[in-house]
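Got chain A; can you put chains B, C and D on it based on the hints?
There are 4 protein chains.
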Amino acid sequence: MTVVNGYEQSDREEKLNIIDLPSLEAEAKKIIPTGGFGYISGGSEDEWTLKHNSEAFNHVQIVPRALTDMEKPSTKTNVFGLDLSTPIMMAPAAAQGLAHARGEVATAEGVAAAGALMAQSTYSSTSIAETAAAANGAPQFFQLYMSKDWSFNESLLDEAKKAGAKAIILTVDATVDGYREADIINNFQFPIPMANLMKFSEGDGQGKGIKEIYASAAQKISADDVKRIADYTDLPVIVKGIESPEDALLAIGAGAKGIYVSNHGGRQLNGGPASFDVLADIAKAVNHKVPIIFDSGVRHGSHVFKALASGADLVALARPVIYGLALGGAQGVQSVFEELNHELEIDMQLAGTKDIEAVKHAKLIKLHY
Amino acid sequence: MTVVNGYEQSDREEKLNIIDLPSLEAEAKKIIPTGGFGYISGGSEDEWTLKHNSEAFNHVQIVPRALTDMEKPSTKTNVFGLDLSTPIMMAPAAAQGLAHARGEVATAEGVAAAGALMAQSTYSSTSIAETAAAANGAPQFFQLYMSKDWSFNESLLDEAKKAGAKAIILTVDATVDGYREADIINNFQFPIPMANLMKFSEGDGQGKGIKEIYASAAQKISADDVKRIADYTDLPVIVKGIESPEDALLAIGAGAKGIYVSNHGGRQLNGGPASFDVLADIAKAVNHKVPIIFDSGVRHGSHVFKALASGADLVALARPVIYGLALGGAQGVQSVFEELNHELEIDMQLAGTKDIEAVKHAKLIKLHY
Amino acid sequence: MTVVNGYEQSDREEKLNIIDLPSLEAEAKKIIPTGGFGYISGGSEDEWTLKHNSEAFNHVQIVPRALTDMEKPSTKTNVFGLDLSTPIMMAPAAAQGLAHARGEVATAEGVAAAGALMAQSTYSSTSIAETAAAANGAPQFFQLYMSKDWSFNESLLDEAKKAGAKAIILTVDATVDGYREADIINNFQFPIPMANLMKFSEGDGQGKGIKEIYASAAQKISADDVKRIADYTDLPVIVKGIESPEDALLAIGAGAKGIYVSNHGGRQLNGGPASFDVLADIAKAVNHKVPIIFDSGVRHGSHVFKALASGADLVALARPVIYGLALGGAQGVQSVFEELNHELEIDMQLAGTKDIEAVKHAKLIKLHY
Amino acid sequence: MTVVNGYEQSDREEKLNIIDLPSLEAEAKKIIPTGGFGYISGGSEDEWTLKHNSEAFNHVQIVPRALTDMEKPSTKTNVFGLDLSTPIMMAPAAAQGLAHARGEVATAEGVAAAGALMAQSTYSSTSIAETAAAANGAPQFFQLYMSKDWSFNESLLDEAKKAGAKAIILTVDATVDGYREADIINNFQFPIPMANLMKFSEGDGQGKGIKEIYASAAQKISADDVKRIADYTDLPVIVKGIESPEDALLAIGAGAKGIYVSNHGGRQLNGGPASFDVLADIAKAVNHKVPIIFDSGVRHGSHVFKALASGADLVALARPVIYGLALGGAQGVQSVFEELNHELEIDMQLAGTKDIEAVKHAKLIKLHY
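Same order as they appear, the protein sequences are chains A, B, C and D.
If you use the UniProt record's numbering, the first sequence closes out at 369, no skipped numbers anywhere.
If you use the UniProt record's numbering, the second sequence closes out at 369, no skipped numbers anywhere.
If you use the UniProt record's numbering, the third sequence closes out at 369, no skipped numbers anywhere.
If you use the UniProt record's numbering, the fourth sequence closes out at 369, no skipped numbers anywhere.
Watch out, some of these pointers could steer you wrong.
The list makes no distinction among identical chains, and a pair is therefore deemed to hold if it is satisfied within one copy or across any two copies.
Quick list of in silico lysine-lysine cross-link-like pairs, DSS-like style, CA-CA up to 25 Å [to be verified]:
#1 K15 x K284
#2 K220 x K162
#3 K220 x K363
#4 K360 x K220
#5 K366 x K284
#6 K220 x K354
#7 K51 x K366
#8 K363 x K284
#9 K363 x K76
#10 K15 x K208
#11 K72 x K360
#12 K211 x K76
#13 K211 x K51
#14 K161 x K148
#15 K166 x K363
#16 K289 x K166
#17 K148 x K354
#18 K354 x K211
#19 K15 x K29
#20 K257 x K211
Just so you know, these hints were derived from the structure itself, not from any lab.
Next up, chain A with everything else stripped away, as it sits in the complex (with noise of 0.2 Å):
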């Protein structure tokens, strides 16, 4: 164990035996503090928005499909012109560092061994070159937390491209820091300084809570700004926090080259719906003009089918795999990927769909549960 500022941070490195990524946050919480796992776990007011992002998973049924005379159905896909041996990616996350010691480069090392795709976070407790160095190769992403401070946004765009991220995520949907309780009733204020801020005036961000981050960024975000930060690099821009039609137009109109359909796992505006629920209409919407990639709620091989099959290109998650970071390291990391990608392979023979392609094109029906 590594203790910072008084945070004990963990330190395992090790392979984990995974049943189920919903059995890994009841181990997680054993070992990340109170205050890490409230921020890391934790939704918004009631957290009914959180709850339902896993739950509407059920509301729609893949139908097994049997005499379809294959077997061995390849993970594999490509999007963004980057060949990738699964669909399922890690999601932007802040402040790993909460659930491990190595934060961000154990998460990179880890999913770039899964052979999956990273996101890294502007909040991150490792720098963007240092999480990038990780990847060893392997492709990242990087997200963008908009500041008030334009040469800010530059310098990390510019930094970004350097270490080599393969397009920029956007995010829009966090404006204002959604009203989450257990921040409020563990007073929660991050221990570790997050790297990307520690050159710039604003300040590191340890000892800040989650609220006076976000006000020092953007609370203001307009189609503009989508533009602005498209002309300015020549990497794809992903909007991220995309829940309607209406505002996935608006951002391919202003450039996006990917939508990221997302609710910021129920962190964010609560009493809005789950995120899966909205899915196949924005995908009706975006009509195949960008890649859509998908998070809120995934938890098991049949969420990422099923997201696939409503339309998403990649499928996102987080919590889970910081909770493997926590109890395995780099290696708890890859643990979860594979694990999810195992049960993924398995969706996809006992439905019947060899490949990514097929399962986009899967059946789904809609019964009355």
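Frame of chain A, contents of chains B, C and D only:
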């Protein structure tokens, strides 16, 4: 603590650290005597309607909008010609001396301090004039339970006018008391007199049950009564306890200048719909002819948002405020309003609605939950 | 306490303070022996239908109406040419000696004291004449379980007529006993004879299970049987156990002068619909040709209201009454009826319905619960 | 008790007093070792589909019919040219030696004693010939897990023919094992050999997990395989594991003489629909071209009734039978079948359906549960 006729009244006075409004109930239960708590918290029959008043908000979801180019949303609004800093108001509620020694006087102080609108009940523990004075210039409404004795009605209307009330809320859904099991179990009788009843022949309520108090009020109310009251007073008359488009139109036809959609917090007819579930249809029928106040089940900022987006102009609540009153007096009341308004502000920002007018036009969707 | 064949019968006689009817069950369970309680309370198979009989009332809601210019609603009604002070009646139920030493005699006294209509079962613990005498002039119906022995049917019909019964309720949904698990677990056999069976060759039921008793009754019932009974007696014949428009029309075609919608309180076919859920469609088919009696799951005043507003002319119940019988004898029975009628009166006032005719035309809505 | 390779097999032999089939599970759990019980009872992933297999029956209701002039309904039926005394049959299920020392031999005896149809699995603990002999002339079906080794398939088909099997059930939904968490948690490996695998090169299954056993079977199955098997054997081939109209028609086109609708008891693809929920649509597509067998979730007589009324010709189940096998050997199996058939007879009488043909035309309704 103050003891009146053996009833122990809280006399706390302090700001509260409120996580959310639902959590106040358990705290308040510890300090409000059993009979008083049962009267305040209880609903009628098996409380199906009470329970669904809050659950109904889950039936529609707020679509979060990003890229809306806004920040620092304003909760200011103008209703009934009054400039208000929030659309959240205090619902009229009887006998607040059950929760705190200073009763409605403290409530009025707290509501005014939070910049919100106060409504006091005919059956308040403190008199119209006392309560009004406590608001120190902030706007107040007076709620009338019509008496069989018309001169009593006139004198209350006169006194309300004299005390500066800006509108009369005429309650029409309580011609008999709902079947409130907690009051029956506790054999509850008001231990504290009702100030406005003191000077009248019917007794001041002390030692009586709600059944007897309602029995002395009018049990036969028609559109003609609304008209008679509207004709008598030059204050706008808002008819409270409307749950159908039919009654809304009847009331407007009789001269009502506002419609108050409410099922009395599930305390009157059980087995009726959740109040939120009939709001949109009533608003459609009212069609902006007069403003709409809504109450019943409001506990979260997202509830306020959904009610506004479904046609309400003002959103009222009582129980959580009364719990705040018990726990912190006027300051506790202020804390409750500030907490709820804070949640509303966050929801407005995350829904991309810069002001109350925008909230009223926000997109709600109805999924299969 | 009275002990008969080792079975301990209550002989209590007192008024009850009833909070609500559902709470009677737990109290009654304490004093009714296990076998008897299982027989009375149990349903068939996994009790899905039993449970949903009561839950189904939540599927529609009463729209509360104000401004209706009424007070003191009247529950008086006239059905089958009888002036009744309430539309709530006693459902025919077997073997009430299981609950109280005085059995149906006490029930009849209590029902009459409450001004309600009594129906006694073929399988009652007391004889037709005894039970009828106890009603002291109040109206009574007699329920017939058709025997394979036609002379037995005729003698019961004759006796009922002689005892002053105003109608015959012919049960047609019990040609075999439902799969009642409690009776199987308890290996339940009636410890007390059934008075009406005493003078006949088939035995008086004592020491038999419900399976054997039903087996001695007719297990093959057709519209012709209805006709034969209707032709034999000059009392109106009401056919009980109807759950479909088809059977209702068949029965009317065969001479039925009333339709009794019931699924036998969930004691016969499990996996069928809640009785309330088929009421409106049957009422539509019957189209006021004959009156409709409804039972199954009625526990609250709002249930009675909803059944009347869905097409019933009389609303019956048995279990809660039998619990009242066990707990308070004739006075307990009276208390149950008075409590339920009191709840109905409150609901009528709050729904703005001045009499039973108005209840029948009240507006119900069906929301998404 | 018999101990084989450290695994404790029941050797009980007695009639069971069964209240209902669901209650058998807890009793059986006490005597079947953990690994075996997990293998038998478990489903895949979070068991949503397993759980909904039984719950789905609540989505439709049987309309009870009276006045139908019938008694003593007959459960006799003729399917696949076989006269059967009940439409309830034993589903093929592997490795019944896990539940009882005599395995499928005892099951076959019990099923035959109950007059029902037996199906034995490729992966049975006893050999085709042994199991067939135990049935003592009663009809049996043989279930084939297709091997990659075609000669193995031929020899099994030959042996089944020789043993007198009346049909071949070809399973097509198990080209890989579902993600069964109980087996993973228990690290379950079959302690007992599978008799039919003994004489072949691939090993007899002992010491292997289900994953390895399925892996040695064909993992690529097409309509051509159905055709090849149908061409090889002159027994009718029934294709099992169909959950869509598309696969049903493909199978029939390839020569299937029966369709077996099943999701493998929720043990294969989780996140798919309850099997009952797709039955009616498949039956519509099959349109009586060939008979339909149904399984998955059947626990009550009303479930059997609803499946028949939704298009099934035979209704199969396995888990409750295997629990009966553990608790009472052949006699226990017989008790399970007799109990379920008894419940079915009651339901038939109360629904007014005199025979299985009438059940198939019974009226079901779908309410809002």
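Structure-based check of all given hints:
1. Proximity of K15 and K284 under a CA criterion of 25 Å is satisfied in neither setting, with 40 Å inside one chain copy and 50 Å between copies.
2. When the C-alpha separation of K220 and K162 is checked against a cutoff of 25 Å, the pair qualifies neither within a copy, at 28 Å, nor between copies, at 46 Å.
3. When the C-alpha separation of K220 and K363 is checked against a cutoff of 25 Å, the pair qualifies only between copies, where the shortest distance is 20 Å, while the shortest distance within a copy is 40 Å.
4. In this homomeric assembly, K360 and K220 come within 25 Å of each other (Cα to Cα) only across copies, at 21 Å, whereas the closest approach inside a single copy is 35 Å.
5. For the homomeric pair K366 and K284, the shortest alpha-carbon distances inside one copy (17 Å) and between copies (19 Å) are both at most 25 Å.
6. In the homo-oligomer, the alpha carbons of K220 and K354 lie at most 25 Å apart only across protomers (11 Å), although the nearest pairing inside one protomer, at 45 Å, exceeds that limit.
7. In the homo-oligomer, the alpha carbons of K51 and K366 lie at most 25 Å apart both inside one protomer (20 Å) and across protomers (17 Å), since each shortest distance falls under that limit.
8. Proximity of K363 and K284 under a CA criterion of 25 Å is satisfied in both settings, with 16 Å inside one chain copy and 18 Å between copies.
9. Taking the closest pair of Cα atoms, K363 and K76 come within 25 Å of each other only inside a single copy of the chain (20 Å); across copies the shortest separation is 38 Å, beyond that limit.
10. Taking the shortest alpha-carbon separations for K15 and K208, only the inter-copy value of 24 Å comes in at or below 25 Å, while the best intra-copy value is 33 Å.
11. For the identical chains of this complex, K72 and K360 are intra-copy neighbours only, at 17 Å inside a copy versus 41 Å across copies, given an alpha-carbon limit of 25 Å.
12. With identical chains, the CA atoms of K211 and K76 are at most 25 Å apart between copies only, with a shortest distance of 23 Å across copies and 39 Å within one.
13. When the C-alpha separation of K211 and K51 is checked against a cutoff of 25 Å, the pair qualifies only within one copy, where the shortest distance is 23 Å, while the shortest distance between copies is 33 Å.
14. Taking identical chains as interchangeable, the C-alpha atoms of K161 and K148 lie at most 25 Å apart only when both belong to the same chain, with a minimum of 21 Å there against 51 Å between chains.
15. Within a single copy, K166 and K363 get their C-alpha atoms no closer than 32 Å, and across copies no closer than 35 Å, so neither meets the 25 Å cut-off.
16. In this homomeric assembly, K289 and K166 come within 25 Å of each other (Cα to Cα) only inside a single copy, at 19 Å, whereas the closest approach across copies is 56 Å.
17. In this assembly of identical chains, the alpha carbons of K148 and K354 lie at most 25 Å apart only when taken from different copies (19 Å versus 47 Å within one copy).
18. Taking the closest pair of Cα atoms, K354 and K211 come within 25 Å of each other only across two copies (19 Å); inside a single copy the shortest separation is 46 Å, beyond that limit.
19. In the homo-oligomer, the alpha carbons of K15 and K29 lie at most 25 Å apart inside one protomer (18 Å), although the nearest pairing across protomers, at 33 Å, exceeds that limit.
20. Proximity of K257 to K211 under the C-alpha cut-off of 25 Å is found in neither arrangement, the shortest distances being 30 Å within a copy and 42 Å between copies.
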